[in-house]
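Asker: Here is what each chain is made of, one letter per residue.
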Amino acid sequence: MIALLLRDLRLAVRAGGGFGLGLAFFLIVVTLVPFGVGPEGGVLARIASGVLWLGALLACLLSLDRIFALDYEDGTLDLLVTAPIPLEGAVSMKAAAHWITTGLPLVLAAPVFGVLLHLPAPAYLWLVVSLLLGTPALSVLGTFGAALTVGLKRGGLLLSLLVLPLYVPTLIFGAELVRRGAAGMEVRVPLLMLAGITAATIALVPFASAAAIRVNLRQA
Amino acid sequence: MIALLLRDLRLAVRAGGGFGLGLAFFLIVVTLVPFGVGPEGGVLARIASGVLWLGALLACLLSLDRIFALDYEDGTLDLLVTAPIPLEGAVSMKAAAHWITTGLPLVLAAPVFGVLLHLPAPAYLWLVVSLLLGTPALSVLGTFGAALTVGLKRGGLLLSLLVLPLYVPTLIFGAELVRRGAAGMEVRVPLLMLAGITAATIALVPFASAAAIRVNLRQA
Amino acid sequence: MMPELGKYAVTVLGSYVATVALLAGLVALSLWKGAKVKRALARQEERMRKNG
Amino acid sequence: MSIWEYANPVKFMKTSSLVLPWATGLAAACLIGGLIWGFFLTPDADNFGSTVKVIYVHVPAAMMAINIWVMMLVTSLIWLIRRHHVSALAAKAAAPIGMVMTLIALITGAIWGQPMWGTWWEWDPRLTSFLILFLFYLGYMALWEAIDNPDTAADLTGVLCLVGSVFALLSRYAVLFWNQGLHQGATLSMDSAQHISDVYWFPLLLCIAGFILFFVALVLLRTRTEIRLRRLKALEQRERMA
Amino acid sequence: MTMLSVDNLSVTRGGLPVLEGVSFTLGAGRALVLRGPNGIGKTTLLRTLAGLQPALAGTVSMPAETMAYAGHADGLKAMLSVRENLRFWADVYATPDIAPAIEQMNLRALADRAAHSLSAGQKRRLGLARLLVTGRPIWVLDEPTVSLDAASVALFGTAVRAHLAAGGAALMATHIDLGIPEAEVLDLAPFKARPPEQGGFRGSFDEAFG
Amino acid sequence: MTMLSVDNLSVTRGGLPVLEGVSFTLGAGRALVLRGPNGIGKTTLLRTLAGLQPALAGTVSMPAETMAYAGHADGLKAMLSVRENLRFWADVYATPDIAPAIEQMNLRALADRAAHSLSAGQKRRLGLARLLVTGRPIWVLDEPTVSLDAASVALFGTAVRAHLAAGGAALMATHIDLGIPEAEVLDLAPFKARPPEQGGFRGSFDEAFG
Ligand code: HEM
Ligand SMILES: Nc1ncnc2c1ncn2[C@@H]1O[C@H](COP(=O)(O)OP(=O)(O)OP(=O)(O)O)[C@@H](O)[C@H]1O
Ligand SMILES: Nc1ncnc2c1ncn2[C@@H]1O[C@H](COP(=O)(O)OP(=O)(O)OP(=O)(O)O)[C@@H](O)[C@H]1O
Ligand SMILES: [Mg+2]
Ligand SMILES: [Mg+2]
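Chains as they are written, first to last, in the numbering used here: chain A, 896 to 1115; chain B, 896 to 1115; chain C, 2 to 53; chain D, -10 to 231; chain E, 202 to 411; chain F, 202 to 411.
Don't take each hint at face value.
As the list claims (entries may be wrong) - Beta-carbon label-pair distances, calculated as ranges:
{"#": "1", "chain 1": "E", "residue 1": "Asp378", "chain 2": "A", "residue 2": "Arg1109", "range": "29 to 37 Å"}
{"#": "2", "chain 1": "D", "residue 1": "Gln169", "chain 2": "A", "residue 2": "Met896", "range": "42 to 50 Å"}
{"#": "3", "chain 1": "D", "residue 1": "His172", "chain 2": "A", "residue 2": "Arg1109", "range": "56 to 64 Å"}
{"#": "4", "chain 1": "C", "residue 1": "Ala41", "chain 2": "E", "residue 2": "Asp208", "range": "56 to 64 Å"}
{"#": "5", "chain 1": "F", "residue 1": "Pro301", "chain 2": "E", "residue 2": "Leu217", "range": "23 to 31 Å"}
{"#": "6", "chain 1": "E", "residue 1": "Thr359", "chain 2": "F", "residue 2": "Asp208", "range": "35 to 43 Å"}
{"#": "7", "chain 1": "D", "residue 1": "Thr4", "chain 2": "A", "residue 2": "Pro1017", "range": "43 to 51 Å"}
{"#": "8", "chain 1": "D", "residue 1": "Gln169", "chain 2": "A", "residue 2": "Gly1079", "range": "30 to 38 Å"}
{"#": "9", "chain 1": "C", "residue 1": "Leu14", "chain 2": "D", "residue 2": "Glu(-6)", "range": "30 to 38 Å"}
{"#": "10", "chain 1": "B", "residue 1": "His1013", "chain 2": "A", "residue 2": "Gly936", "range": "20 to 28 Å"}
{"#": "11", "chain 1": "E", "residue 1": "Pro297", "chain 2": "B", "residue 2": "Gly933", "range": "22 to 30 Å"}
Claimed, not checked - Below, a list of computed lysine-lysine pairs in the DSS-like style, where the Cα atoms sit at most 25 Å apart:
{"#": "12", "chain 1": "F", "residue 1": "Lys393", "chain 2": "D", "residue 2": "Lys3"}
{"#": "13", "chain 1": "F", "residue 1": "Lys393", "chain 2": "E", "residue 2": "Lys324"}
{"#": "14", "chain 1": "C", "residue 1": "Lys39", "chain 2": "D", "residue 2": "Lys222"}
{"#": "15", "chain 1": "E", "residue 1": "Lys324", "chain 2": "D", "residue 2": "Lys222"}
{"#": "16", "chain 1": "C", "residue 1": "Lys37", "chain 2": "D", "residue 2": "Lys222"}
{"#": "17", "chain 1": "C", "residue 1": "Lys8", "chain 2": "D", "residue 2": "Lys3"}
{"#": "18", "chain 1": "C", "residue 1": "Lys37", "chain 2": "C", "residue 2": "Lys51"}
{"#": "19", "chain 1": "D", "residue 1": "Lys0", "chain 2": "C", "residue 2": "Lys8"}
{"#": "20", "chain 1": "C", "residue 1": "Lys34", "chain 2": "D", "residue 2": "Lys222"}
{"#": "21", "chain 1": "D", "residue 1": "Lys3", "chain 2": "C", "residue 2": "Lys34"}
{"#": "22", "chain 1": "F", "residue 1": "Lys393", "chain 2": "C", "residue 2": "Lys37"}
{"#": "23", "chain 1": "D", "residue 1": "Lys3", "chain 2": "C", "residue 2": "Lys37"}
{"#": "24", "chain 1": "C", "residue 1": "Lys34", "chain 2": "D", "residue 2": "Lys0"}
Everything labelled a hint here was simulated from the structure, so no lab data went into it.
Virtual Cβ for every residue (Gly too), placed ideally from N, Cα, C.
Just chain A, same shape as in the assembly:
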């Protein structure tokens, strides 16, 4: 199973989808926002935490759609299903590889992007904490969406459509955590909710993803 994780990481690095790209995409989104909403520091500071969370979400999303599709198209998925590792484990490893290549770099780099958006000083810590707790759930939910759409060509947009609503709770509690933290308010509730959602997602969703893949292969 570790072999699968390593292979996916290696593929990500080789195939022009490595660690740097998620970050670069994030940077671009952060750069584009002021072009859209205007350059005034005040407005930017108000929306900064939301923009950073949305950016993380989109960076996740853009790197998702091929997570199983490639393995499906070249026949690897058929072979993995018949291999002696549980499909649930394989799915979790895929999610882990995705998080390491996109989620983790975002967590580490988010404070730098915060500067560009005039994020208020006390918010930095909470930004990192919320992303660290929340992004694993994004990756796992993303693999679920990818598993559902694996048989479809051009699944990209449909995938977003399926996955984005699932991201709503994570997004709400994540952005709320940053906002409250920055304002010096009580953060226990969003913090616990965020951690809880992520833990439950990691524990349960891979079963759903594996089931979806099995169904998709049945008619291939």
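Mind docking chains B, C, D, E and F with the ligands on chain A? Use the hints.
Answerer: Chains B, C, D, E and F with the ligands in isolation, oriented as in the chain A frame:
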């Protein structure tokens, strides 16, 4: 060449990437924004036109990456290059099909989404005008990025990295046009610039895209 | 010998340190990669000469 | 003998090995001389205080960031038109240097902005255009990395550089239109009315020369590496075919 | 000794029965070749045996974790080298060594090439080498020699014979000569599913309906 | 009458020469089969003739717009039906009618099925039907009969013979028997590119280097 346009449209409708999806993605982005930035009407109204433009940009982006990749993988691109239609024309048709399935629905539906974000009343006309003038450029530039990355598996994020900086002028003039129009200011400059950029892009970029595809096929 | 930088010491020193660090890093990386490639090429040419 | 002879890798390797030590030495001399002069031997300015010393790294880096992109555009065109491998490889070798220069301009600018404008970052047109330039460098380098056939990569990055240059220029105008900024105007012009005082001017010139020579030396070194790498790939491939 | 036994199996594709009443057994050291015209259902049958889709009726019995499947697609990662591709599958199947597979499929010269730079036949050879590293006794192969030249077909024949000699078994669908004359042949044409009017199975929806 | 003439052609793959000095001519009504072991460069040669990649040296001459190419991949859209797939290519090549192609490749029963629900051989048959609708006189085919059963190979043979009889020409690479005994055969093995030391071409970068 019209055959190509029709085929692409038909494929878009069949393969779960049709007219509705771009819109639905747009809708989700627009709904997620208040979750991210907080629900105050004042802030939302200020950033509304920017959010709508950014949403259009991202909806474009998400549907782009497979625009040539699918044809490349199943061998259609080889056959198209050897077919009796100029590749530049084929590329333009691809861009047109992309615009019809993503850009055009956004233009038509943008006012509705404007309501959700409390867009000020005088901005609606300008929003539609700016999207109508600007989105074709997004599609054409997108095909250029897709042509560059056609040989790569998982080109998605790299594609965004290449394409988004090219979107900057369109985004700036587009969002600025809406802002100025809404504020009752002079709109001639952004209007002309937007139209000029789009016209020049449509006229010239397909040649670069066709060249990129030929280069990519050379080593396939 | 150190010039008096006043309240802007951090600003000035920070810029110089950042610049020198970035440039030095780039040079080090270039030299390292250069040496590595040079060695690999020498090995390859040697091997090809031996094998014919 | 035509200038294109230097586009032959063998000739290039020979010539560059002769030029490299001189360029390195001169670059070190100018850079160290200029920075020491600027850092230790110039007075504070009225409006900037001691932060004026940042100018000796900030301005040369900013100038190089732009000029290196122009150089990449020229070498890419030479590759696309005349197909001299050295030209494409020089563009590849220059990109990381340009990216680092852009980064230096951004970082020193941000550090400078903190005391001067009271903020680390402002969406001023000059700064914003640099951020966009940085993105173009990133995209260009990422494309080189992603494609493994070297000639294909050279062709595609060449096309990207061409199209990118046009849009980088357009972005500059767009950004200027979008936001009037806080940044210094161009005071480097030869127009004496707005010429900065000679006390700063001469060490700055020396630093600029130093940065240019630094770039020349480093780009030669890196191009040599790229040529070797290209040859290594060709040899490996031939060995496999045999 | 029987390793795989299939009894009265019916398989469906896209909800419709395509083959019905297929029965055979496969013992250690035996090879069975499935033949039949295009579209008769060879691929469908093999996928059912591999557990990728459920059977409509009938039973398949074989010991757990004894089967290795190779379909029309090779399951190669274009960006990984030949060696890395094999290494990955060896890790998944926990086999220690990939060197014998590389030798047997004559891939030594290609071992460090990226899979995307292989010709069609070279890719196929790599796909077959993957089988060797699974270490599984029952091979289920769908058109294994497509794109192979005569020399490679012979190589494949040798590999299969070695596998059989070591007590393995092989089930293969093909249209062309595999170079394994000792294999038994099963023609699937007689098992073509009859329409329901003639007593055939009904499709999954038909059934629920009436 | 000569339709295609190839003179002293050298082709490269990944920057390295793979075949050199290939010459042949193909007249109206003639078929030529290219043979050679896996990886010798058949696909590369055909792609060069099709104009998908530049030649290293030598000349290819044929009238403009006379060639139809079919590679390893069929260029089918999975979501379109058989008829729609053919219709599209007919429109591209401005041929009026797809019915004869459907007949000739025995696709009538499948005409309204989506391409993704075809078996491997059925897909291939559709790929060959595409050739018929191009209306081009010179066919350049890479392993056309892969996955086909005996009946479909015969069908293909008939289609080629009809094409030749109508004054067309065909150039085909294959490892297996195409069922066209009257075709000439060109073995590519002797044209394998020599290393530079023995007077062969140098790769694109070597050349600049030395
Ligand atoms: C991230 C931020 C910044 C960037 C990207 C940037 C960029 C540049 C560029 C491109 C130049 C070269 C101008 C030319 O040669 O025409 C320049 C010059 C200069 N910058 Fe900045 N700058 C930044 C921040 C700052 C800040 C915060 C200050 C000080 C308050 C500053 C002060 C100057 C000065 C004094 C010059 C020389 C002006 C001249 O004579 O041309 N810069 N900067
Ligand atoms: N998704 C699908 N939906 C409906 N029918 C399908 C689907 N996929 C395949 N079929 C049909 O099922 C039948 C069996 O297909 P299968 O791929 O098993 O044939 P095969 O014997 O392997 O043929 P070949 O020799 O061409 O590979 C065929 O008639 C095919 O058209
Ligand atoms: N992208 C590439 N880079 C380097 N070498 C390649 C690349 N693609 C193919 N090759 C090599 O070029 C040679 C010619 O390949 P080609 O596909 O033309 O062979 P082929 O005769 O069609 O073989 P097959 O019968 O297996 O289809 C092979 O040795 C192959 O390994
Ligand atoms: Mg089959
Ligand atoms: Mg081939």
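Asker: Would you mind marking each hint as holding or not holding in the structure?
Answerer: Outcome of the hint check:
{"no.": "1", "hint": "Asp378(E) - Arg1109(A): 29 to 37 Å", "in the structure": "holds, 36 Å"}
{"no.": "2", "hint": "Gln169(D) - Met896(A): 42 to 50 Å", "in the structure": "violated, 57 Å"}
{"no.": "3", "hint": "His172(D) - Arg1109(A): 56 to 64 Å", "in the structure": "holds, 59 Å"}
{"no.": "4", "hint": "Ala41(C) - Asp208(E): 56 to 64 Å", "in the structure": "holds, 60 Å"}
{"no.": "5", "hint": "Pro301(F) - Leu217(E): 23 to 31 Å", "in the structure": "holds, 29 Å"}
{"no.": "6", "hint": "Thr359(E) - Asp208(F): 35 to 43 Å", "in the structure": "holds, 41 Å"}
{"no.": "7", "hint": "Thr4(D) - Pro1017(A): 43 to 51 Å", "in the structure": "violated, 58 Å"}
{"no.": "8", "hint": "Gln169(D) - Gly1079(A): 30 to 38 Å", "in the structure": "holds, 35 Å"}
{"no.": "9", "hint": "Leu14(C) - Glu(-6)(D): 30 to 38 Å", "in the structure": "violated, 47 Å"}
{"no.": "10", "hint": "His1013(B) - Gly936(A): 20 to 28 Å", "in the structure": "holds, 22 Å"}
{"no.": "11", "hint": "Pro297(E) - Gly933(B): 22 to 30 Å", "in the structure": "violated, 58 Å"}
{"no.": "12", "hint": "Lys393(F) - Lys3(D)", "in the structure": "violated, 35 Å"}
{"no.": "13", "hint": "Lys393(F) - Lys324(E)", "in the structure": "holds, 20 Å"}
{"no.": "14", "hint": "Lys39(C) - Lys222(D)", "in the structure": "holds, 12 Å"}
{"no.": "15", "hint": "Lys324(E) - Lys222(D)", "in the structure": "holds, 22 Å"}
{"no.": "16", "hint": "Lys37(C) - Lys222(D)", "in the structure": "holds, 14 Å"}
{"no.": "17", "hint": "Lys8(C) - Lys3(D)", "in the structure": "violated, 51 Å"}
{"no.": "18", "hint": "Lys37(C) - Lys51(C)", "in the structure": "holds, 21 Å"}
{"no.": "19", "hint": "Lys0(D) - Lys8(C)", "in the structure": "violated, 54 Å"}
{"no.": "20", "hint": "Lys34(C) - Lys222(D)", "in the structure": "holds, 15 Å"}
{"no.": "21", "hint": "Lys3(D) - Lys34(C)", "in the structure": "holds, 20 Å"}
{"no.": "22", "hint": "Lys393(F) - Lys37(C)", "in the structure": "violated, 34 Å"}
{"no.": "23", "hint": "Lys3(D) - Lys37(C)", "in the structure": "holds, 20 Å"}
{"no.": "24", "hint": "Lys34(C) - Lys0(D)", "in the structure": "holds, 22 Å"}
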